[in-house]
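Chemist: I would like the entire structure built from these sequences, with the hints used as guidance.
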Amino acid sequence: MSLSDAVESLVGDGDAVALEGFTHLIPFEAGHEIMRQGRRELELIRMTPDLLYDQMIGMGVARRLVFSYGGNPGVGGLHRFRDAIENGWPRPVEIEEHSHAGMANRYAAGAADMPCAVMRGYVGTDLAAHTTVAPITCPFTGERLTAVPALRPDVAIVHAQEADREGNVQLWGIPGVQKEAILASERSLVTVERIVDELEPRPGGITIPGWVIGVVAEAPGGSRPSYSLGITDRDNDFYKFWDKMSRDREQFTEWMNANVLHNNHVSTA
Amino acid sequence: MTVETRDTQAQDATAGEIQTIVAARRLRDTRTVFIGVGRPSTAAILARMVHNPDLVLVYESGTIGAKPFHIPLSIGDGELAETADAVVTVPEMFNYWIGPGRIDVAFLGAAQIDPHANLNSTVIGDYDHPKTRLPGAGGAPEIAASCGEVIVIAPHAKRTFVEKLDFCTTVGHGDGPGVRERLGFRGKGPTAVITDLGVLEPDPETKELVLTQIHPGVDVTRVKEQTGWELKVSDALETTEPPTAEELSALRELLDR
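Chains as they are written, first to last, in the numbering used here: chain A, 28 to 296; chain B, 13 to 269.
Bear in mind the hints are in silico, worked out from the structure with no lab data behind them. Please note: incorrect hints may appear among the correct ones.
Unchecked claim - If we take Cβ atoms under 7 angstroms as the criterion, some of the chain A residues that face chain B in the derived model are:
(1) Gly-98
(2) Pro-100
(3) Leu-154
(4) Asp-191
(5) Pro-202
Each residue gets a CB set at the ideal place from its N, CA and C atoms; glycine is no exception.
Modeler: This is how it looks when you write it as structure tokens:
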């Protein structure tokens, strides 16, 4: 299926959508297609919002954001994310934030079809009072622990290096929470660099059977300016460029129209 | 090496270089260190170069035993995955490696630090209407709770070293002794805050940060001026051993790669 058909059939207005990829294999092309198709009122879920969600938030696609770290890794802050939270531009965004450990456990609980995960964390922090967590007592030892609710997105979208013709997917390098996100979600899309006749096992590779994946779509270079280990390189210069360019609202909107929406004349706010 | 060379080197070194070198020295006898990007990462790579070639570098992205030749821009740079002993998922990183206390030392940064080394990386101002929205918690709260000890690396400025945090993202020593034990934390918590002016360490009894070390050429008045509370100074205040020629040239070579 083409990426455009895949997004059209899987992502609806108002959906809770998780585009995952922990600094690696970030599904930029799929996120861009969501914006090109004009999806609205999304609940965007992602551990590290990164540049892709900065773009989506700045284009007014998100009603709500669920996350654990909203920064430009190694460079600084995310200006569109900040502007939305600090000033409500281009629209106010409701937030639910967690720690990385909390988000990772929430995905794992979703993948296991458990209502919650139990962990050590959040205690003593101000975050506990501003998010959805609850204390729970271990029935065996009496230890006080923290429960976090399972994440169950409507749609998970991830990028991987390869799929075979049956739709089995293999990714290698930093694996993030991609497998958990797919298994936790109602529907899923995996974009891949290439489709091969046979998957060749890679050290540390994770294979995901095709029958648990909704749709596989070919999208070469689909993780740029992030990267797909062994195939494309991380464009660190772009991450630095983004920090400068995205500070200004008008400049950002023009850049998005020209480079992502491929349309210089339509206002998208 | 002559004393003269060392003095020349020390005078040459910038405050930031001294901060990085002091952080690297702390890893001499460490087996595993958890690091984010920026100065902590530079310090850990430097430690592998000059003090401790067997040091295991662990990055939040899941790379365990990474051996980067270059300073990575992000915690997810390809070189970290390609050189790692093991690359694990995020749930595994937190549940199997960080949570059980398998990592000896963690380097953390923050936008605000209070007198008990609690950290804020969430917001400046009110949570619902922040003046500045910062990136948020990331892995810090659980890293600080569970790693063997925490070393905070931050620029020494009044807006960073504050009497009261706008938001407590990460618990250091709470409001004093006994808090970590009560909360069930396994690690010792912050054992040092390394800045570009000196080193602060918690008083063993009160857990309040005390100035224990100043870098060459820095005077105590300046450190106090740049701290937003009445900073206590240790009776045994030491001056940082100046960078050696080896440390400084290794650091500069690393930054040039």
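Chemist: Looking at the structure, which of the earlier hints fail to hold?
Modeler: Hint check: 4 fails alone, others pass.
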